[in-house]
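The listed protein sequences derive, respectively, from chains A and B.
Mapping to the numbering used here: the first sequence position 111 is 111, numbers consecutive.
Mapping to the numbering used here: the second sequence position 52 is 257, numbers consecutive.
There's no promise every hint is true.
[Claimed, not checked] To list a few chain B residues with every Cβ distance to chain A over 12 Å, as calculated:
1) R279
2) H309
3) A314
4) R366
5) R397
[What the hints assert, rightly or not] Straight-line Cα separation of at most 20 Å, SDA-like style, residue types lysine to any residue; simulated pairs:
6) A:K26 - A:C108
7) B:K269 - A:G184
8) A:K171 - B:K406
9) B:K406 - A:M79
10) B:K269 - A:E167
11) B:K376 - A:D59
[To be verified] What follows is a list of derived Cβ distance ranges for each label pair:
12) A:D126 - B:K406: 45 to 55 Å
13) A:D59 - B:G251: 18 to 28 Å
14) A:R88 - B:H278: 37 to 47 Å
What the hints contain is simulated information worked out from the structure, not anything from laboratory work.
Just so you know, these numbers come straight off a predicted model, no measurement behind them.
All C-beta atoms in this analysis are idealised placements derived from N, C-alpha and C, irrespective of residue type, glycine included.
Each chain, letter by letter, is given below.
Protein chains: 2
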Amino acid sequence: MTDTGKAPIDFWFDFSSPYGYLMSEKIDALATQYGRQVKWHPILLGIVFQATGSRPPADGVSSKGLYMFHDFHRSARHMGIPYNPPSRFPLPTQNAARAYYWLHGQDCALARQFARATYRAFFVDDLDISSPEVVLQIAAQLGVDRSSLETALQSPEIKSRLKDECEAALKAGVFGSPHIIIDGEAFFGADRLPQIEHWLKTGGF
Amino acid sequence: MTDTGKAPIDFWFDFSSPYGYLMSEKIDALATQYGRQVKWHPILLGIVFQATGSRPPADGVSSKGLYMFHDFHRSARHMGIPYNPPSRFPLPTQNAARAYYWLHGQDCALARQFARATYRAFFVDDLDISSPEVVLQIAAQLGVDRSSLETALQSPEIKSRLKDECEAALKAGVFGSPHIIIDGEAFFGADRLPQIEHWLKTGGF
Numbered sequence: 001m002t003d004t005g006k007a008p009i010d011f012w013f014d015f016s017s018p019y020g021y022l023m024s025e026k027i028d029a030l031a032t033q034y035g036r037q038v039k040w041h042p043i044l045l046g047i048v049f050q051a052t053g054s055r056p057p058a059d060g061v062s063s064k065g066l067y068m069f070h071d072f073h074r075s076a077r078h079m080g081i082p083y084n085p086p087s088r089f090p091l092p093t094q095n096a097a098r099a100y101y102w103l104h105g106q107d108c109a110l111a112r113q114f115a116r117a118t119y120r121a122f123f124v125d126d127l128d129i130s131s132p133e134v135v136l137q138i139a140a141q142l143g144v145d146r147s148s149l150e151t152a153l154q155s156p157e158i159k160s161r162l163k164d165e166c167e168a169a170l171k172a173g174v175f176g177s178p179h180i181i182i183d184g185e186a187f188f189g190a191d192r193l194p195q196i197e198h199w200l201k202t203g204g205f
Numbered sequence: 206m207t208d209t210g211k212a213p214i215d216f217w218f219d220f221s222s223p224y225g226y227l228m229s230e231k232i233d234a235l236a237t238q239y240g241r242q243v244k245w246h247p248i249l250l251g252i253v254f255q256a257t258g259s260r261p262p263a264d265g266v267s268s269k270g271l272y273m274f275h276d277f278h279r280s281a282r283h284m285g286i287p288y289n290p291p292s293r294f295p296l297p298t299q300n301a302a303r304a305y306y307w308l309h310g311q312d313c314a315l316a317r318q319f320a321r322a323t324y325r326a327f328f329v330d331d332l333d334i335s336s337p338e339v340v341l342q343i344a345a346q347l348g349v350d351r352s353s354l355e356t357a358l359q360s361p362e363i364k365s366r367l368k369d370e371c372e373a374a375l376k377a378g379v380f381g382s383p384h385i386i387i388d389g390e391a392f393f394g395a396d397r398l399p400q401i402e403h404w405l406k407t408g409g410f
């Protein structure tokens, strides 16, 4: 389908969010089906939780935490997406997010490729994506110059870009990951995909 | 489809839970389709939240709370279920739950009818189902003897039955509403209906 000329769909996520990963594997194809673009915004859920007074949903100890670990895996199977529970979880993701924004300034498509590769590195290959070394390696495999990216990860511009995105997320009402906003309508969670599809198809409810 | 002889599906819910209401409108028909029975268990989420250290998800003030109020309504529309946001929410539901268990001791089918009527009284007709008077009225409309039920609502047996059910819920790992358990597999939230259907169809994932 051709582009509808409508504003892009905003996709807010943290690279450490399992449901964010599930959404990342579906949202672009779904949007394309309805002639829409998607703007990806990696953010840091820690900052969002702190600002909104929320807590991470999955602690791996409480009955809810244990359920969620089980549900991540089951939801992935149900959606036909590869998933291996990461051995370190959750992880800080500022390096991955900063790399994304720096790459995005050079080449949007490459940044998208990097984001997908980073999610799979974490949720399929169990790599420690909090490590700058791993982030550089993922990018290098996509042809990115290692030392330029290494420098960028510490640059004030990129650090402040990520901070700005987190603030923009809060301003947009984002309280978790994944958070999708289409034409001002918010959808939280990978399990809202059927409602997102309905919205794209009909423009409302 | 005829009964499969398998154990009934457990449906844990609070009468004040919007997603519990949405589940209540779907689960019986879905179970019947796969030859299964459903056992309804009204519980008090306040007790569950206290025991698990959780908080009610929808406060109506935070960005998450506001989103959820919107999502209750949108999810109802998406599922084709009538929904009018109650003007008093959430409400204590011990009277409704006690009435359910007393009725269940007399007539299971009547108890189920009462549960449905109570959910609709709250989420469609905006009645204050925390009030014993309203609970008695709902039951009376189904032919229940008012004064017997009025007495039962204060009986130690019924009070302790509800307490036992809340404890059983916690023991079963319930941390919210609706919580469905099928053959030991837990599903939390009305949005897990597609996964529940898949489970009923295939017996796993």
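Taking the numbered hints from earlier one at a time, note which ones the structure violates and give those numbers from smallest to largest. The structure conflicts with hints 1, 5, 8 and 12, although it agrees with all the remaining ones.
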